[in-house]
Amino acid sequence: MLRFALRRAASALLTLLGVLALVFGLVTAAPGDAAALAARAGGNRAVAISPEALAAFRHLYGLDRPLTERFLTWVWRAARLDFGRSLLDGQPVALRVARALPATLALNTAALLLATLIGVPLGVMAARRPGGRLDRISGFVCDALFSTPTFVLGLVFLLVFSGWLRVTPLFADTETGLRGFLLPVATLALASLALIARFVRVCVAAALADPAALAGRARGERPSEEIRRALRRSSSAFAAMGAVLVPSVVSGSILVERVFSLPGAGSLLAEAVFARDLPTVLALTWCSAVVVVAASLVADLVAAALDPRTAREDEVTVPGVAA
Amino acid sequence: MAVLKKFALLAVVVLLAACGVRGKSQESVVRRRLDGEPKTLNPILATTDQEQIVLALIERNLLDYDEKLNLVPGLAEEVSDSPDHLVYTIRLRKDARWEDGSPVTSADVVFTLTTLLDPKAPALTRRALFDGFVKAEAVDARTARVVFKSAAAGRLDAFNLPLLSAAAWAGGDVATHPRNRKPLANGPYRLGSWEAGRTLTLVRNTQYFDEKPAPEQVIFRVVPETAPAFAALQTGDLDEMKLLYAQKKELDAKAGTAGAPRVVTFDELAYSYLGWNNRLPVFADRRVRRALTMLVDRESINRNLYGGLAKLANGPLPPAHWAWDASLAPWPYDPVAAEALLDEAGFRKGPDGMRRKGSLRLAFTLSLGMGSDIQRQIVELAQQSFRKAGVEMAIQPLEWAAFGAKMDAGECEAWAAALNLEPNPDLAVSWHSGQAPPVGFNPAFYSNPEVDALLDRLKTTFDREQTRTLLARVQALIHEDEPVTFLNVPLMKWGISSRLTNVKTSPYGLFLFWPGAAGWRTSATTGPIS
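These protein sequence lines map, in sequence, to chains A and B. Residues in the first sequence are numbered consecutively from 1, following our numbering. Residues in the second sequence are numbered consecutively from 1001, following our numbering.
Accuracy of the hints is not assured; some may be wrong.
What the hints assert, rightly or not - So, partial list: chain A residues that the calculated Cβ filter (under 10 Å) puts toward chain B:
id	residue
1	56
2	57
3	89
4	146
5	259
6	267
7	273
Unchecked claim - Label-pair restraints from in silico Cβ distances:
id	chain 1	residue 1	chain 2	residue 2	range
8	B	1400	A	17	44 to 50 Å
9	A	274	B	1170	31 to 37 Å
10	A	217	B	1371	56 to 62 Å
11	A	151	B	1072	44 to 50 Å
12	A	98	B	1182	17 to 23 Å
13	B	1119	A	2	53 to 59 Å
FYI, nobody ran anything at the bench for these hints, they're computed from the structure. Bear in mind the structure is a predicted one, so any value in this text is a computation, not a measurement. Ideal Cβ placement from N, Cα and C applies to all residues, glycine included.
Turn these sequences into a full structure, and let the hints steer you where they fit.
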């Protein structure tokens, strides 16, 4: 198990480096550079910026140095949590990220929690009578929610509850307190809820149809005990789904933050990508990649702990080759 | 019982607070929208609209534009130039002060210009206005002198310049200076607080030298999306926002309803156009370019997409500019005449209905930045019209940075864009052959020796009437050459809360002239504050 954990951790670290290198490559290869965009920041105004001024800007931020040198320098500094300065405002990137992360973390955590609290019982109830009325209704609602873009859902909520009914504030800030987070959390949770509920329904229904479950039922096992066992049998699949859900929630929050004017990491990432603010893009990628990779690692470890065969399968060696 | 009463009172207070009930003092607060957060409030580094909108209330310029776009005294009571136009003398107001009470001095002027011209400062946009700068020096505490190596007609516009306090900004790197988020004000308001990504609160600057603004506070809220902002305008959570055409129609329908926001419209110094890369063989002949213009039904676009609120553009200056030539009739929508022009230019229809001149097909790709629905619709209408006339146009939507990079490199075959002009724009930037990419902002690669010569003359023409005459000739020549298809001059539409009064407009918008938003009053603040 320890070898399995170490191997998974090493693989997670390599994945992290790979993701960073990929994002670095993509952003630098994308057309448009930060200097030209800074010169255009006034919009479509026709002002001639001399090539010398642009070159001075690039030199100021080290954009004229070789790509490999820039990437390695960045990785070396990032390892010490120094993410450099933003090309947009010259502020330390760590400070910008630290300002934006709390809102995003709060939003994502609350949304995942809410989605789990509603989605799991809903999935279980639907699984108990596959094809029943509840299963059909929840299936329809979940499909509708899953196919509705988060952006549209958020906008409808905002216009109905804040604009029309006026029961929630239009903006989440210190004045409005937690009430301001109700709609953003609900919007983000509903998108994940559909996925969770359908996934749990499929897993639990399969577990309930398992011969072991039938045997339990024949032994006169109570329904609650039956569900508990079914959930336990599906737990490694749930752990894997959790790891998949984290990145989708993180990406969904970019749109939700924009609709609800929340200054989170999602908005910051979108702004940084459009402005080719590479230090900020890399720092945020680092943060989200750490979360996603860590979630996958935890899912693998949980699955291995629940079903030791998983870890053993991973350690199968090629016949004839010494381990 | 007493405990219960106290508890009930407390509950009512908490409930009222939770419901966002506004006290009377809130009436002297103006709530404004920013569609993005300012990156800096360093006035010489600021470039985006959001930054300039906030700074317009915090910092006065040496010279300000009034609502007719004339330069009027700001921090400087006078800026005069020598007979050879090489030396500018700035005389500061005696009573101009920073928010800490210290006077605005010539040392601030020298510091600002020295910092601005330092290559280490990322002040790309403003630095461009000081081309030919030699030195700035303090003559006495209130007088500064700025020397240039060459005379330039538009030089005075460069002094529409805010200042940095030498004492506050001295030391450290200007690009990363902590003052960039905590500027020292000399205008009617000062920065009270800045809640990152959410709000910037400005409070009245008690040290301000001129008439104090009526509202006590201005709260800027960052609302990136238009739909929530529009909802907030109607609920009273915002007092102003730029409107889309559909939103204007909605507010028009509510006109007369008590408390409903009103619509303010005005012409802006801007126009939209379809650009043609004149270097390419398909666009080299001006008959082809004119024909393309005559194939676009701009009246119909105006009626259907702008609700009849746009004007037809006829050349490189929009109607709001003082030197606009109203006598130039826009090219008419005339598909028959357009097809005749294309025939005349040698592009004849083949058996497949598409036009060719020898082996050269009249086909090209038009690029546009993603995001503007109206622009997309205009381009699609043009595409249909072109196809009927045998012209093949492919549409390539691009992410904005990619679109900008392609324009800067001069690699667009054709493109759709809008251009915002400065109050006294240097047309050479867009239309002089020497400003073709990658040097300047002439992505059409337009080249006409007569226009070049006129634009060169304009650089050293200081007389306004002579300037008007030269500009009229430039407009006529460009109109004849039609290097791009000048489309429309859309009307700006703004939603303004019914409780705001004294809202004035200028071709430079609602905010970037003096007094702009500093002159606004709320229903609770009617008289001047001394």
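To see whether the hints hold, each was checked on the structure:
1. 56: OK, holds: residue 56(A) within 10 Å of chain B, min 4 Å.
2. 57: For residue 57(A), the interface hint holds, since the closest Cβ of chain B sits about 5 Å away, which is under 10 Å.
3. 89: holds (4 Å)
4. 146: Violated: closest Cβ of chain B sits about 23 Å from residue 146(A), beyond 10 Å.
5. 259: Holds - the Cβ of residue 259(A) comes within 10 Å of chain B, reaching about 6 Å at its closest.
6. 267: Holds, because the Cβ-Cβ distance from residue 267(A) to chain B comes to roughly 7 Å (cut-off 10 Å).
7. 273: This interface hint holds because 9 Å falls under the 10 Å limit.
8. 1400(B) x 17(A): 44 to 50 Å: violated (30 Å)
9. 274(A) x 1170(B): 31 to 37 Å: holds (34 Å)
10. 217(A) x 1371(B): 56 to 62 Å: holds (58 Å)
11. 151(A) x 1072(B): 44 to 50 Å: Since residue 151(A) and residue 1072(B) have Cβ atoms about 45 Å apart, the given range 44 to 50 Å holds.
12. 98(A) x 1182(B): 17 to 23 Å: holds (18 Å)
13. 1119(B) x 2(A): 53 to 59 Å: holds (56 Å)
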